[in-house]
Amino acid sequence: MYLVSHLAQRLLRLPRPITRKVKVTRDIPITMPDGGVLLADHWRPSGAALPTMLIRTPYGRGNWGGVLARIYAERGFQVVNTSVRGTFGSHGDFRAMRHEREDGLATIEWVTRQPWFDGTLALAGPSYLGYTQWAVAADAPPEVKAMVPHVSSSRLALAFLPRGGFGLDTSLRWSVQTARQERRFKGYRENAVRQAMNSLPMADADLRVLGERWPFYQDCVHHDNEDSFWKDWDHSTSVSAITVPTSLVAGWEDIFLSDQIADFTALQRAGRRPRLIIGPWQHASLAGFGVAVRETVEWAGAHCRGEEPPRRAPVRLFVVGAGEWRHYETWPPEGYAPRDWHLHGDGGLRTAVPAASEPSRYRYDPADPTPSVGGPLLTPRGAGRKDNRALEARSDVLTFTCSPLTADLEIIGEVGARIWLRSSRPDTGVFVRLCDVDSRGRSVNVCDGLVNVKPDGVTQVSVPLSPIAYRFARGHRVRVQVSSGAHPRFARNTGSGEHHAVARTLFPADQEVFHSPEHPSAITLPTR
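Under the working numbering, the first residue of the sequence shown is numbered 1, with each subsequent residue one higher.
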């Protein structure tokens, strides 16, 4: 374990530990109000009374979970590392997000009654571990002094469900991961997952891979973003009531980025003083994890000790393309005004309003769906910034590109598109992607977004893209892709009008994208 500790320190660029002498008491039972028993490990470094770090995880307290606990224990925290209900020895069935508020508050109450508790508690951890923090934060007792949710969201599952759509790749892969993680033979064939994602109906994908229906996958595939089904597990409505000092660590290429920014802005609007760090990271980035750990040790640790945390501006952003960190007072930063870049009939992208022109046309065939290339994914496989030239060569992808830039173009803030569309089908998808084309013609994705819509004649479709801080270099070109899908990152729209969970029949859609004075399709970029 000492070797692992040293290796983690180097890989994550962590501050030196206060001590490497840590005592661990394992499998401590914590009884919940309904009689269920959760198991926890207590990591206690040598020394006087120390603040406590609470970590609640569905992924187990050994291996990676044990390394995380040791990292914090060596740097001045007692750590209570708890397996959530139904995982790794904790009683009950694992139903993602269902019990995190009640069980989390009961666990905090248990911690505060322990003889070793010094009166101060911090919450930390990434992804699902971050969601367990949001679940309790609005009702947290005064002993909770700080929280640091990392690549997470107060409404976790809803990030898998874009408007009218379904995040197939993330939902299925996470379901398979959590279903198999405690089995002796927990591996699975990648081909089986790919085949399941390419089969219909979508409601049977978990059955094809696991041989059983997995509750979380079934919840996601059957209940859309705006379904009231999620209301008890959507904690975004209570974010403004949170008074616990909060520092959020996010990544530009993370699936939870938009939600995490929404959580930050909700806290700012409520008059709190949250902090936000966004770096050039994917969901599972080691570099992002290291920053989150350092933020927890330095900032949350200071709050627990009653000290003033290190001073800096509330918002710290890495500007991709510029390769530099910036500090701002708020999100979105001041000084970046929204500017429309219009799609033109000649394939151009210009700030001028387009002249009269025929619409651009393509056929979307869900039997040969437009593939996903890069972008935010839960797992590193295929994620991030990729060469899009092969994708853009397909007949079902439109591209609109500006002339080479005569000066650097910097955009920081929210990005959105308005696409005027007419479709031959009553139900279809619109996928918009912003790309950076270098002097060699290599096109790399910057940010994107998808919505499913039911167009009625020529219909304006609003497509929110991921927020970004990005600099297009002089000589590069800005490109916008318009298509009707990114499969299997998003489940393909079958064109049948049926819900994606049960749809079986595939109908090609003939699409028209308009770019005229009456129907000026455009992407809006926040430009300095």
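Note that these hints are calculated values from the structure, not bench results. Check before you lean on any hint, since a few could be wrong.
In the SDA-like style, the derived pairs of lysine to any residue whose C-alpha atoms are separated by at most 25 angstroms in a straight line are [as the list claims (entries may be wrong)]:
1. Lys-454 with Lys-386
2. Lys-386 with Glu-298
3. Lys-21 with Asp-93
4. Lys-23 with Gly-66
5. Lys-386 with Asp-259
6. Lys-231 with Glu-298
7. Lys-21 with Leu-105
8. Lys-23 with Arg-163
9. Lys-23 with Trp-325
10. Lys-23 with Asp-34
11. Lys-21 with Ser-5
12. Lys-231 with Thr-243
Structure-based check of each hint:
| no. | hint | in the structure |
| --- | --- | --- |
| 1 | Lys-454 with Lys-386 | 31 angstroms, violated |
| 2 | Lys-386 with Glu-298 | 35 angstroms, violated |
| 3 | Lys-21 with Asp-93 | 35 angstroms, violated |
| 4 | Lys-23 with Gly-66 | 12 angstroms, holds |
| 5 | Lys-386 with Asp-259 | 23 angstroms, holds |
| 6 | Lys-231 with Glu-298 | 34 angstroms, violated |
| 7 | Lys-21 with Leu-105 | 30 angstroms, violated |
| 8 | Lys-23 with Arg-163 | 48 angstroms, violated |
| 9 | Lys-23 with Trp-325 | 39 angstroms, violated |
| 10 | Lys-23 with Asp-34 | 31 angstroms, violated |
| 11 | Lys-21 with Ser-5 | 11 angstroms, holds |
| 12 | Lys-231 with Thr-243 | 22 angstroms, holds |
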